[in-house]
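Work out the full structure: start from the sequences and follow the hints.
Sequences listed follow chains A and B, in order.
Numbered by this note's numbering, the letters in the first sequence go through residues 385 to 520 in order.
Numbered by this note's numbering, the letters in the second sequence go through residues 862 to 1495 in order.
Worth double-checking, as some hints may not be accurate.
Stated by the list, open to error - Beta-carbon label-pair distances, calculated as ranges: (1) A:Glu-414 with B:Arg-1002: 50 to 60 Å; (2) B:Ala-1271 with A:Arg-460: 50 to 60 Å; (3) A:Glu-414 with B:Glu-1139: 55 to 65 Å; (4) A:Asp-500 with B:Ser-1169: 40 to 50 Å; (5) A:Ala-409 with B:Thr-1188: 41 to 51 Å; (6) B:Ile-1186 with A:Arg-460: 28 to 38 Å.
Stated by the list, open to error - One-sided and incomplete, this derived list gives chain A residues near chain B with beta-carbon spacing under 8 Å: (7) Val-398; (8) Leu-401; (9) Asp-446; (10) Phe-449; (11) Gly-473; (12) Tyr-476; (13) Gln-477; (14) Pro-496.
Claimed, not checked - So these bits of chain A aren't anywhere near chain B, every CB distance computed over 12 Å: (15) Arg-453; (16) Asp-490; (17) Ile-509; (18) Thr-512.
By construction, these hints were calculated from the structure, which means they are not laboratory data.
Treat the numbers as computed from the prediction; the structure is a model and nothing was measured.
Where a beta carbon is used, it is the ideal one built from N, C-alpha and C, also for glycine.
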Amino acid sequence: MPRTPKVLLVDDDVGFLQANSLLLAAAGYEVHTAQDGRAGLAAAREQRPDVVLIDVMMTRPDEGFALARAIRADDRLADTRLLIVTAAGERYQMLFEPDEQWLPVDKVIEKPTSGDELVAEVSSILDTRERAGGPP
Amino acid sequence: MIPKPIPPCRAACPVHTESGRYARLVAEGRYDEACEVICRTNPFPSVCAHICQRPCEKQCRRTQLDAAVAIRALKRFVIARVGDRRPTRQPAPNPRPARVAVVGAGPAGLTAAYDLRLRGHRVSVFDRLDRPGGMLNVIPRYRLPQEAMDADVGAILDTGIDLACNCEMGRDATVGELLERGFEAAVVATGLSRSRGIAVPGFGAQRFVAAIPWMMDVWLGNKVDVGRRVAVIGGGNVAADVARTARRLGADHVAMICLESDEEMPAEPDEVALAEAEGIHVMPRMALKRVLNSDGHIAAIELMDVVSVFDADGRFRPTYDPARIRTLAADMVILSIGQAPDRSWARGTSVHTDARGRIVADRQTHQTSSARVFVAGESLRGPGSAIEAVADGHRVADVVARFLESGEVAPPPADEAPALEPFPDDVVERLRVLDPVATEAEPFASSEPLLDEPSARREGGRCLGCMAGAVIDEAKCAACLTCFRVCPLAAVELGDPVVANPARCQACGVCASVCPGNAITLSVWEPREAEPAHAEQPHVAVVCIHGGDADETAGRVVRVPCLSRLKPVDLLRLLGEGHRSISLHPCARDDCKYPAAWETIESLAAYVQGLAARAWPEARIELCVPRAQEAVSP
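Below is the structure:
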């Protein structure tokens, strides 16, 4: 029997964490949460999640970007998929897309986004990983 | 069959403006007709007269000789000169007009709206801004005056197009709702309205802003913030505009930092030169490494050297040398590293997006996965110029019109006509001998003032008339080879039939005037569209196309390449047609290409006057001295 995929949510918005934890758990994922970048990196190293959903503007305005780079730089987390979920695009009127140098993530999702959309994104990114031959 | 080549200027223009034709019409003082040629394919003539990136001039064959004809400057002269008299077009009657929604009031959207309206459809345009123009609104007014934009947009809307401003699709309404409310098709041309961000360390401090919203605020008159030391990140035309704008708003020091080398920079070289002339410090081959903040405010930026920008396959894949660091004091960073489409309009529609969230649409037919929704302009093609957006507006309108009329979706006809090839080397040498002025530099190369009338006519006359040259009528040609002997450019090629090679011919007209079989025509001899009735126009002016000047209102005007090449029978024919007064207007004696021309014309006038006295005693043949020559004559 395949193991339950793990999702780590990193966001300083407690309401966002609670609501989406419930939805992701209901969809069959094992969910962990953290409220800032430092706690997020520790949780990622400890839990080895399949997917990390990262907010950007937390204690510092660029905290989520730094967390994404730190996870990507950790060889033990090379298989972990990273999704940025942010309102920074709207706040700064900029469009963020994955790039090798500064934003080595799989996808950027703009807030506001519904819980159902997030569950669908997590499911979709795990599907593509399985098709690519990664761990379950 | 290989299509006939077209002049390179025309081939290079995304809407295939007949630049050569209007240049020659300017040379002849026929400004309204020049304006008609300009407006025929371009509903944004005033805008392009200021900000077109001039692909036509880059391909002008005159560059082989000295420098390109200043085509954009000529356009600007014509538009200013014609003013409110620019031609207007009316919608064609349509027995089954459809309602079409156009989302986005920029060059692509308004061109599509205009074309569909001219085909008799009922068109409504929606835009999120409080005014039309789209991304033209972020072009600094010192480059694109408001009046120029207003003139073009006004003429387009005056055809009967509805405009709804402050209406953002995906927020105030959805494209799906429009289709449900009775619009039979929707064209989305929302452009690249979002600036790309960069997730560098230190992101998010005060005055860390994106170029497009900042420029929009500046040029729409909203409150804006500007630092004293501004770092503009980017090397494109928008970055150059941002840098120059920051300088105008009072920044003491403005740096333009770009990954590319001087040669690789995507900005037009003259835009960069203007920026540097205004004190902008251009820093090529540098990349932003991080922003150093103090209490949430920018204190400085760290830059690192760029090793390369493109990989071996030419793809954008920059590499850096993080060890080579430079710190630059700055209190503001404006990101201008590229733009992306705003796809929020697709909310509430069945339009598909790909894994990266991009709208899926056929690049040939513009159609999305929603059969009645079409995409055009930069949102489909990526970054481009205003005139490229106009061209795409024409294409999508063509597709949508056929879809509305027949239900079929098919790509618009392809542009197949090749550009006329460059001059062979010997033609360049021959042209230099014929026209010594051609060795001097073109006077408007580095700056572009509004031309006055004499300089505009002179500049228009620099056009070499590619593809406007001699055409030999096989049926009339007796193969006498007179044309072969007289052609100064060795353009006549012997064979069966005898032909004039358009790559060599420059429409001087010598062959046409000496051909005994009257077998040669030149397309540069354009007949007036509305030829006046001869009986009501007793006067006819015969004018040299190289610089002759006649009162346009006094009667019929016939233009010929050189009056000395006329034969008596040509003038007698005009009398035979009913004219009783002929004025001859050669070019000024000092400007004439043919040294003996004036003597020939004087004797021609006297000879025909004598002949005419027998048949038409009242006929008068008058030789008119050009004003310029009169002024210097004793």
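(message) Next item in the hint list is Asp-446 of chain A. Is there a CB on chain B closer than 8 Å to its CB?
(response) Holds: closest Cβ of chain B sits about 4 Å from Asp-446 of chain A, inside 8 Å.
(message) Quick check: does the Cβ-Cβ distance between Ile-1186 of chain B and Arg-460 of chain A fall within 28 to 38 Å?
(response) holds, 30 Å
(message) Verify this label for me: Thr-512 of chain A is non-interface relative to chain B, using a Cβ-Cβ cutoff of 12 Å.
(response) violated, 8 Å
(message) Quick check on the hint: Phe-449 of chain A CB to chain B CB, less than 8 Å?
(response) Because about 4 Å separates Phe-449 of chain A from the closest Cβ in chain B, which is inside the 8 Å limit, the hint holds.
(request) Confirm or reject the statement that Arg-453 of chain A sits farther than 12 Å, beta carbon to beta carbon, from all of chain B. (result) violated, 8 Å
(message) Quick check on Gln-477 of chain A please, does its C-beta sit within 8 Å of some C-beta on chain B?
(response) holds, 4 Å
(request) Would you assess whether Ile-509 of chain A, listed as outside the interface, keeps its beta-carbon beyond 12 Å of every beta-carbon in chain B? (result) It is violated; Ile-509 of chain A is separated from chain B by about 10 Å at its closest Cβ, not greater than 12 Å.
(message) Min Cβ distance, Val-398 of chain A to chain B: is it shorter than 8 Å?
(response) violated, 21 Å
(message) Interface hint check: Leu-401 of chain A, Cβ to nearest Cβ on chain B, cutoff 8 Å. Holds or violated?
(response) violated, 21 Å
(request) Go through the hint on Gly-473 of chain A and say holds or violated, using the shortest Cβ distance to chain B against 8 Å. (result) OK, holds: Gly-473 of chain A within 8 Å of chain B, min 7 Å.
(request) Kindly confirm whether 55 to 65 Å is satisfied by the beta carbon distance between Glu-414 of chain A and Glu-1139 of chain B. (result) Holds, since Glu-414 of chain A and Glu-1139 of chain B (Cβ atoms, about 59 Å apart) stay within the stated range.
(message) If I take the minimum Cβ distance from Asp-490 of chain A to any residue of chain B, is it greater than 12 Å?
(response) Its Cβ does come within 12 Å of chain B, the nearest being 10 Å, so this is violated.
Hints 7, 8, 14, 15, 16, 17, 18 from the list above are not met by this structure, while the remaining hints are.
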